[in-house]
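So the chains spell out like this:
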Amino acid sequence: MSSNSLIFKSATELSQDLQAGTVSSVEITQAMIDRINAVDEQVHAFLHMDVQDALDQAKASDERRAKGECVSPLDGVPVGMKDVIAVKDQPLTAASKILENYRSPYDATVVRKLKEAGAVVAGRLNLDEFAMGSSTENSAYGPTRNPWNLDCVPGGSSGGSSAAVAAREVPLSLGSDTGGSIRQPASLCGVVGMKPTYGMVSRYGLAAFASSLDQIGPFSTTVEDAALLLEIISGHDSLDSTSYPTEVPSYSAELKNSCEPKVLGLPKEFFGPGMDDEVRASIEQVIEYYRSIGYQTKEVSLPTTDLSIPVYYVIATAEASSNLARYDGIRYTSRSERAENAIDVYAKSRGEGFGSEVKRRCILGAYALSSGYYDAYYLRAQKARTLIRQDFEKAFAEVDAILTPTSPTPAFKFGEKSDDPISMYLSDVYTISTNLAGLPGISVPCGFSGSGLPIGVQLIGKAFEESSLLQIAHAYDRAHLHGRQAPNL
Amino acid sequence: MDIDYVANLARIELSDEEKSTYQKQLGDVLKYFDKLQELDVENVEPTAHAFPRHNVWDKDEARAGLSVEEALKNAPQSRQDQVVVPKVIEE
Numbered sequence: 000m001s002s003n004s005l006i007f008k009s010a011t012e013l014s015q016d017l018q019a020g021t022v023s024s025v026e027i028t029q030a031m032i033d034r035i036n037a038v039d040e041q042v043h044a045f046l047h048m049d050v051q052d053a054l055d056q057a058k059a060s061d062e063r064r065a066k067g068e069c070v071s072p073l074d075g076v077p078v079g080m081k082d083v084i085a086v087k088d089q090p091l092t093a094a095s096k097i098l099e100n101y102r103s104p105y106d107a108t109v110v111r112k113l114k115e116a117g118a119v120v121a122g123r124l125n126l127d128e129f130a131m132g133s134s135t136e137n138s139a140y141g142p143t144r145n146p147w148n149l150d151c152v153p154g155g156s157s158g159g160s161s162a163a164v165a166a167r168e169v170p171l172s173l174g175s176d177t178g179g180s181i182r183q184p185a186s187l188c189g190v191v192g193m194k195p196t197y198g199m200v201s202r203y204g205l206a207a208f209a210s211s212l213d214q215i216g217p218f219s220t221t222v223e224d225a226a227l228l229l230e231i232i233s234g235h236d237s238l239d240s241t242s243y244p245t246e247v248p249s250y251s252a253e254l255k256n257s258c259e260p261k262v263l264g265l266p267k268e269f270f271g272p273g274m275d276d277e278v279r280a281s282i283e284q285v286i287e288y289y290r291s292i293g294y295q296t297k298e299v300s301l302p303t304t305d306l307s308i309p310v311y312y313v314i315a316t317a318e319a320s321s322n323l324a325r326y327d328g329i330r331y332t333s334r335s336e337r338a339e340n341a342i343d344v345y346a347k348s349r350g351e352g353f354g355s356e357v358k359r360r361c362i363l364g365a366y367a368l369s370s371g372y373y374d375a376y377y378l379r380a381q382k383a384r385t386l387i388r389q390d391f392e393k394a395f396a397e398v399d400a401i402l403t404p405t406s407p408t409p410a411f412k413f414g415e416k417s418d419d420p421i422s423m424y425l426s427d428v429y430t431i432s433t434n435l436a437g438l439p440g441i442s443v444p445c446g447f448s449g450s451g452l453p454i455g456v457q458l459i460g461k462a463f464e465e466s467s468l469l470q471i472a473h474a475y476d477r478a479h480l481h482g483r484q485a486p487n488l
Numbered sequence: 000m001d002i003d004y005v006a007n008l009a010r011i012e013l014s015d016e017e018k019s020t021y022q023k024q025l026g027d028v029l030k031y032f033d034k035l036q037e038l039d040v041e042n043v044e045p046t047a048h049a050f051p052r053h054n055v056w057d058k059d060e061a062r063a064g065l066s067v068e069e070a071l072k073n074a075p076q077s078r079q080d081q082v083v084v085p086k087v088i089e090e
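Taken in order, these protein sequences are the chains called L and C. Residues in the first sequence are numbered from 0 upward in steps of one, following numbering that gives the first Met the number 0. Residues in the second sequence are numbered from 0 upward in steps of one, following numbering that gives the first Met the number 0.
To be clear, the hints were calculated from the coordinates, so they are not data collected in a lab. One or more of the hints may lead you astray.
[As the list claims (entries may be wrong)] Straight line, CA to CA, 27 angstroms or less: simulated BS3-like cross-link-like pairs of lysine-lysine: (1) Lys72/C to Lys114/L; (2) Lys416/L to Lys23/C; (3) Lys23/C to Lys412/L; (4) Lys72/C to Lys382/L; (5) Lys255/L to Lys114/L; (6) Lys34/C to Lys96/L; (7) Lys86/C to Lys96/L.
[To be verified] Simulated restraints on C-beta separations: (8) Glu115/L to Gly26/C: 44 to 54 angstroms; (9) Gln295/L to Gln22/C: 50 to 60 angstroms; (10) Asp418/L to Pro45/C: 51 to 61 angstroms; (11) Gly273/L to Val67/C: 25 to 35 angstroms; (12) Ala324/L to Val67/C: 19 to 29 angstroms; (13) Asn340/L to Gln22/C: 46 to 56 angstroms; (14) Ala341/L to Ala63/C: 26 to 36 angstroms; (15) Asn42/C to Leu265/L: 23 to 33 angstroms; (16) Glu69/C to Ser291/L: 26 to 36 angstroms; (17) Gln22/C to Ile292/L: 33 to 43 angstroms; (18) Glu392/L to Lys58/C: 48 to 58 angstroms.
A virtual CB, placed ideally from N, CA and C, is assigned to each residue, including glycine.
Using the sequences and the hints, build the whole thing.
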């Protein structure tokens, strides 16, 4: 089988081919490496790729299969990692200079689970430094480009994870989502991206940004593939005390069950001004499709929507300023050569090692937590967060899922928003409240703009009901498969 | 915002140029946050986690941790199985 045909296959198809014995994991992995060599100079999704390690894992998978000891449907299928997820003995830079020479001494729980499932864990994918940003322009190692238009951003912060899948450099990848960092880049790159319910996937081994909001989740070209990857990485983990003790059903098996038409909520606050006309037209077509297969739609109200961005930026920056205190120039980061005393070690190492958005957010967070301002900012934001959560609870009493655009616009050009933090923050306006409420959300490709840029629809589900959310998303995706269209590179 | 004060709290050294950029940008961001001040949050409980869990216990059993060499592998300076830092206690 030619490597060209392999890279355009979904993970589900690769899994079937492996089971049928028509292809080996080494062939798939080599095709992926060849593709990276051919296109990543343009896309720059990868910060690091350990070719030998990937091929060794693939060889081990083929040997298992030859002995009849294949361990999961993803045995032998490559999965790329956002460069904030720890893989033992591999670099983890978080796209920051401060972690330039760091090597992870252990595997994140999601990585352990993937290795146990036989997946080929390969590649370190670019991001906005410490996952702070919406365009991947904040990477200390240079931006990733959108495979659909190299002059445009891939979204962020998991822009490397979304671009790598869109460019067919890897069939699956993992990212992390704190305010939209999986769903927004998935939308901008024309692939599927899912943020699970808070607590569904262990955060052990994920470099923390905002601990009460962060979740790891999958990127893929189809909803079916997302289900396959999600069921492997989900589940309770005693190493993460916020991980939730709940059963993980076989999402991929449940997708095959017939699903009764559901009720979709359309939040009126999301469909107001600020949405690009082409995005609006595309979302209306999705709504029409759901109606045509028997779904009902219902207007719902989330009156606190306009609070979500200020609430998010207070909470996320406060938690970040506390979490990022660990990058201190002492234990495992680079240390400033100008440091003469202990305070210097902290301040100079961090001043030299952090990029401008990370410094801006740490300072904002320190301010929001500082004496005299805590009640006005952090505590008040946590109370407003309760109101946002209650809005969703009310809406979900009437509907099974909420449908919105993922991003107000298709991909924007480099530099367009990088000097204006608020305009950049507004690109997450539709995704942020999901994190504040802890709910699962998925972005599914739903078409293209006139200039050929992908558009995504977001579906938000009830807490811990990933299975139902995936079924609803699959009902649209399997009939359209926009994510299977590949850009010309 | 007193940028020098907050940068010191955050333990981040800033250049003069960064100070003036941040002063302006963060001023705009704080103005944007004013929406929060208008909100009536009386009698509203704060949310720290979407699905709070309390008293999460783990089995009290010994597990292997990192070896000293592994734990020190990423340290910028180490000596005799310890991280080296500038002197913090005055003579």
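These are the hints, each one checked on the structure:
A threshold of 27 angstroms between alpha carbons decides the hint, and for Lys72/C with Lys114/L the separation of about 24 angstroms falls inside it, so the pair holds. For the proposed pair Lys416/L and Lys23/C, the alpha carbon gap of about 16 angstroms is at most 27 angstroms, so the pair holds. At roughly 24 angstroms between alpha-carbon atoms, Lys23/C and Lys412/L fall within 27 angstroms of each other, so this suggested pair holds. Proximity of Lys72/C to Lys382/L is assessed by CA-CA distance (about 42 angstroms); at most 27 angstroms being required, the pair is judged violated.
Under the criterion of a C-alpha separation no larger than 27 angstroms, the hint pairing Lys255/L with Lys114/L is consistent with the structure, at around 26 angstroms. Restraint check: the Cα-Cα separation between Lys34/C and Lys96/L comes to about 35 angstroms, which exceeds 27 angstroms; the hinted pair is violated. For a cut-off of 27 angstroms, the pair hint linking Lys86/C to Lys96/L stands: about 26 angstroms separates their Cα positions. At about 50 angstroms, the CB distance of Glu115/L to Gly26/C agrees with the hint of 44 to 54 angstroms.
For the hinted restraint 50 to 60 angstroms between Gln295/L and Gln22/C, the CB-CB distance of approximately 52 angstroms keeps it satisfied. For Asp418/L and Pro45/C, the hinted distance range of 51 to 61 angstroms is not satisfied, since their beta carbons lie about 34 angstroms from each other. For Gly273/L and Val67/C, the hinted distance range of 25 to 35 angstroms is not satisfied, since their beta carbons lie about 55 angstroms from each other. Distance hint for Ala324/L and Val67/C: a CB-CB separation of about 24 angstroms, consistent with the stated range 19 to 29 angstroms.
A C-beta distance of roughly 27 angstroms is found between Asn340/L and Gln22/C, which places it outside the suggested range of 46 to 56 angstroms. Remark: the range hint 26 to 36 angstroms for Ala341/L to Ala63/C is upheld by a beta-carbon distance near 32 angstroms. For the pair Asn42/C and Leu265/L, the beta carbons lie near 31 angstroms from each other, so the given range of 23 to 33 angstroms is met. At about 58 angstroms, the CB distance of Glu69/C to Ser291/L disagrees with the hint of 26 to 36 angstroms.
As the Cβ distance of Gln22/C to Ile292/L is approximately 54 angstroms, the hint placing it in 33 to 43 angstroms is violated. Glu392/L and Lys58/C have their C-beta atoms about 34 angstroms apart, which leaves the hinted 48 to 58 angstroms range violated.
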